[in-house]
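Chains as they are written, first to last, in the working numbering: chain L, 1 to 306; chain F, 307 to 638; chain V, 639 to 932.
In short, the hints are calculated from the structure, not lab data. Remember, predicted model here, so these are calculated numbers, not experimental data. One or more of the hints may lead you astray.
Subject to a maximum C-alpha distance of 25 Å in a straight line, what follows is the list of computed DSS-like cross-link-like pairs (lysine-lysine) [as the list claims (entries may be wrong)]:
(1) L:Lys266 to L:Lys121
(2) F:Lys450 to L:Lys220
(3) F:Lys327 to F:Lys398
(4) F:Lys631 to F:Lys341
(5) F:Lys382 to F:Lys398
(6) L:Lys266 to L:Lys83
(7) L:Lys83 to L:Lys73
(8) F:Lys398 to F:Lys330
(9) L:Lys220 to F:Lys522
(10) L:Lys205 to L:Lys224
(11) V:Lys924 to V:Lys654
(12) L:Lys121 to F:Lys398
(13) F:Lys522 to F:Lys322
(14) F:Lys450 to F:Lys522
(15) F:Lys330 to F:Lys631
(16) L:Lys121 to L:Lys220
(17) F:Lys341 to F:Lys398
(18) L:Lys205 to F:Lys522
(19) F:Lys398 to F:Lys322
(20) V:Lys924 to V:Lys651
(21) F:Lys382 to L:Lys205
(22) L:Lys205 to L:Lys220
(23) F:Lys450 to L:Lys205
(24) V:Lys924 to L:Lys121
(25) F:Lys575 to F:Lys522
(26) F:Lys382 to F:Lys327
(27) F:Lys398 to L:Lys205
(28) L:Lys205 to F:Lys575
(29) L:Lys121 to L:Lys205
(30) V:Lys716 to L:Lys266
(31) F:Lys382 to F:Lys341
(32) L:Lys121 to F:Lys382
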Amino acid sequence: MQRYILVRAFQALVVLLLVSMVIFGLSRLTGNPVYLMLPPEASQDDVERLNAHLGLDRPLPVQYGVFLVNALKGDLGESIRFKRPALQLVLERLPATLRLGLLGFSIALFLAIPIGVYSAKNRNTVLDFSARGFAIVGQSMPHFAIGIILILLLSVWAGLLPSSGMGSFRYYILPGITLGYYATAGIMRLTRSAMLEVLDSEYIKLARAKGLRESMVLWKHAFKNAVIPVLTFSTLVFVRMIAGSMVTELIFAWPGVGRLAIESIKFRDYPVVQTVVLITCGLFVAGNLLTDILYAYVNPRIRYRK
Amino acid sequence: MITNKNNIQNESLNRKLLDVKNLKSFFFTRHGVVKALDGVSFSVGVGETLGIVGESGSGKSVTALSILRLVPMPGKIVGGEIFFDGEDLLQKTEANMRDIRGGQISIILQDPLTSLNPAFTVGDQIGETIRIHQHLRGKSVMRKVVESLRLVNVPEAAIRANEYPHQMSGGMRQRITGAIALSCQPKLLIADEPTTSLDVTIQAQYLELLNQIREKTGISIIFITHDFGIVAQMCDKAAVMYAGKIVEISGVRDIFDNPKHPYTMALLKCLPSVGRVEKLVSIEGDVPELSRLPPGCSFAPRCAHRMEICSERYPDEYEVNPEHKVSCWLKR
Amino acid sequence: MAAVEMAYGIRQKTLKIASVIKEAPTVPMLLVLILTLTAIFAYPLSPHPPLKADLDRSFLPPVWVDGGSSGHPLGTDKWGRDVLSRLIYGARISLTVAFLAIALTATVGTTIGLVSGYFGGLVDTVLMRLVDGFLAFPGILIALILAVILGPSFTNVIIIVLIVLWPRFARQVRGETLGIKENEYVVMAQAMGVSSWTIIWRHIFPNVVPTLLVLTTFEIGWVVILESTLAFLGVGIPPPNPSWGVMVAEGRENLAQAWWVALFGAIAISLTVFAFNMLGDWVRDKLDPKLRQM
Chain L
1 MQRYILVRAF
11 QALVVLLLVS
21 MVIFGLSRLT
31 GNPVYLMLPP
41 EASQDDVERL
51 NAHLGLDRPL
61 PVQYGVFLVN
71 ALKGDLGESI
81 RFKRPALQLV
91 LERLPATLRL
101 GLLGFSIALF
111 LAIPIGVYSA
121 KNRNTVLDFS
131 ARGFAIVGQS
141 MPHFAIGIIL
151 ILLLSVWAGL
161 LPSSGMGSFR
171 YYILPGITLG
181 YYATAGIMRL
191 TRSAMLEVLD
201 SEYIKLARAK
211 GLRESMVLWK
221 HAFKNAVIPV
231 LTFSTLVFVR
241 MIAGSMVTEL
251 IFAWPGVGRL
261 AIESIKFRDY
271 PVVQTVVLIT
281 CGLFVAGNLL
291 TDILYAYVNP
301 RIRYRK
Chain F
307 MITNKNNIQN
317 ESLNRKLLDV
327 KNLKSFFFTR
337 HGVVKALDGV
347 SFSVGVGETL
357 GIVGESGSGK
367 SVTALSILRL
377 VPMPGKIVGG
387 EIFFDGEDLL
397 QKTEANMRDI
407 RGGQISIILQ
417 DPLTSLNPAF
427 TVGDQIGETI
437 RIHQHLRGKS
447 VMRKVVESLR
457 LVNVPEAAIR
467 ANEYPHQMSG
477 GMRQRITGAI
487 ALSCQPKLLI
497 ADEPTTSLDV
507 TIQAQYLELL
517 NQIREKTGIS
527 IIFITHDFGI
537 VAQMCDKAAV
547 MYAGKIVEIS
557 GVRDIFDNPK
567 HPYTMALLKC
577 LPSVGRVEKL
587 VSIEGDVPEL
597 SRLPPGCSFA
607 PRCAHRMEIC
617 SERYPDEYEV
627 NPEHKVSCWL
637 KR
Chain V
639 MAAVEMAYGI
649 RQKTLKIASV
659 IKEAPTVPML
669 LVLILTLTAI
679 FAYPLSPHPP
689 LKADLDRSFL
699 PPVWVDGGSS
709 GHPLGTDKWG
719 RDVLSRLIYG
729 ARISLTVAFL
739 AIALTATVGT
749 TIGLVSGYFG
759 GLVDTVLMRL
769 VDGFLAFPGI
779 LIALILAVIL
789 GPSFTNVIII
799 VLIVLWPRFA
809 RQVRGETLGI
819 KENEYVVMAQ
829 AMGVSSWTII
839 WRHIFPNVVP
849 TLLVLTTFEI
859 GWVVILESTL
869 AFLGVGIPPP
879 NPSWGVMVAE
889 GRENLAQAWW
899 VALFGAIAIS
909 LTVFAFNMLG
919 DWVRDKLDPK
929 LRQM
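Just chain L, with the same shape it has in the complex (with noise of 0.2 Å):
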């Protein structure tokens, strides 16, 4: 196994770095940065001292090495709006994005899994249609839709929850729950088709004959192997949280990353936008490569291979 894990990261690495090429690529693709900078009256003169001193004019390669070097200094440029370091920036609002993409987690976890053991074990039951009908729906809607209509709901009709702004709690619940839903729908889809195709297996059939509760049937035997497919699933889907994060934070003016995303973009801020591409690729792999590894560590097959 060990082997695997050192292959797998190396991998990682290489796709990290293919990554931080394409990023640069495209950065300089969208045209000299330098105009956005200068008042519009500036001489030629000034644009090509000023591309001197950002060190433009130099040729493509160059520039890419003297970007990672910096990069791995943790100097990814400056915010043109803020005028404040980019990392500085992302990392300020890093801990919000994580604890609302960590809670969005949680709740599909701990509501996904049991949901989908059950409904596969109650297989076309009322729960299991009502657990089926909500992943369906769920996964139909983006997550702007689910917000807006949550909002509405709980903040603007019923006046429970706050629909915007980060606090105590209760501003938790409703962005977390946009974050979470389509997840949720994921996981317990998975889970349920997971359980049943294990609950066929002949195996399944001999726990019982041995004479084991119907409980330890279902969480030892059956759950151990359909939370395999499972729980890598659960990874990525965390990681693709991420994504999804950014239309949530938007519509409940989350104080996170990626609302900083999205007004960069608006607002044209090149470094900081390349910053968070750039973390949110590399959180992206290291969340791939701990799926790889986790997957073997609990798959005997690879765990033990000869």
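Starting from the known structure of chain L, arrange chains F and V on it as the hints suggest.
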């Protein structure tokens, strides 16, 4: 050494360990009621081996599941009695049944690969049974696991116990399922086509193993198979099943020397004999759909000896001798 | 006689299609049909031009609320534009984008998949590495980044969908191709000297069609979500086009006073995606339960 506490060879073999009376198990499906078992009766004595023979769909496996009361939905046991050690299993609570499953009656299934949980070591799976039925913990469990593995002739038992199913061969895996089944010294072992998915040579080894265990422990076995050869090798009694009913049951010699039911005779004719060149015989027609059985004898449409009464009433059972009973209108 | 035969053949085919459609789950099928018809007949169906502003009648509530008017059954927005009409045209926009984008992506993706699967070798390896790379990232992320770079427009949305979605098609089709390639009739054709392209077109492609259908119905819902999300964020189909996402974004600004603008937009999107997803599920179950793992 495992000594079976039921090693009562001096006790009369007349004592019936398992006595099934008129067992009926139906499946209630969208397409109709499938009468998987429609009034099945047989018995197994202490230390005796009964073979249940039939084609696919005859109800053999449902019999096994019914005894353990593990008939899956949409099936239900709708009638009859199953006396085990003098008590009707159909009257017992679920909790009591759980004690019996694995503890007094065990089962081996057909496919050893899918019978074992890929997520646990072999030792874990054997140990689990020991833990629940014998209430042991820690090192004593491991000791019993190794004992069980030795009982089924698994070499290097202690090392094997920590391996996973996917690390073993088919024959080895089937021994493991045997070890699991025998770990708590049950009185009755139900073997549902245990050798069907094994290679022929491994098959022979496995049957030999079962024979040894039988002699050592005096365990009763119900051997479900479609192979008369195995019946000849392993069984004291044989019951032939067709479309949910037992059509003929007798001591094993009688089945071969003096078969009475046309289906039994046809099955025996289907066995190709080694050393002679002959045409392969098969039985005309198909097994009927269990939800739409014809009136009268279910085998009548395919029977070479059918008479008018065969399509009208199901044959009454008659005795050739106290051991040998047949359900057929044809008395010869 | 030939004409009669042809007419008969057409009748048979129509009957077959009709019987298949009858088998489909009613509610989703009906919804999809209604949506498609609405999209096509948007002009005669809408009571008002969707872009016509009438500042005197801004923020009119739906007809069943106090102050509503039957001329605007679902109310009006900030600029007095009729919500119902905008919804109807929104259907046209969403469905057009979805269908066009999927058709394009399916074509490109399938071609790549077929080529990669059939010819194998270096081409296959390179293409599949590319596919893996794309698939490694969440589509929405890539879509957002691309949308920012390319800017909001109808065409750009379609391009974005193409870039994000082609790998999924390519990989699935390649997998199928690999399997079909092993079949004897393919080997026979090769032995007979039939050209590769002909083999692909006449033998392999028809067998890939079921998978394609499943994938397509599966992804339409996703494309609608993507398009509306991009529109909502301002980087998709630009206002004043009444894409549902745009409607929700605009409606959000005055959510408390004029809830109807945003709500109906959100409901429209959800219903549409729901209908397509359910239909997709049914198609998938019907054609190949094995694919359920997708």
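inquiry  = So, against the hints stated earlier in the document, which numbers end up violated here?
reply    = 1, 9, 18, 25, 28
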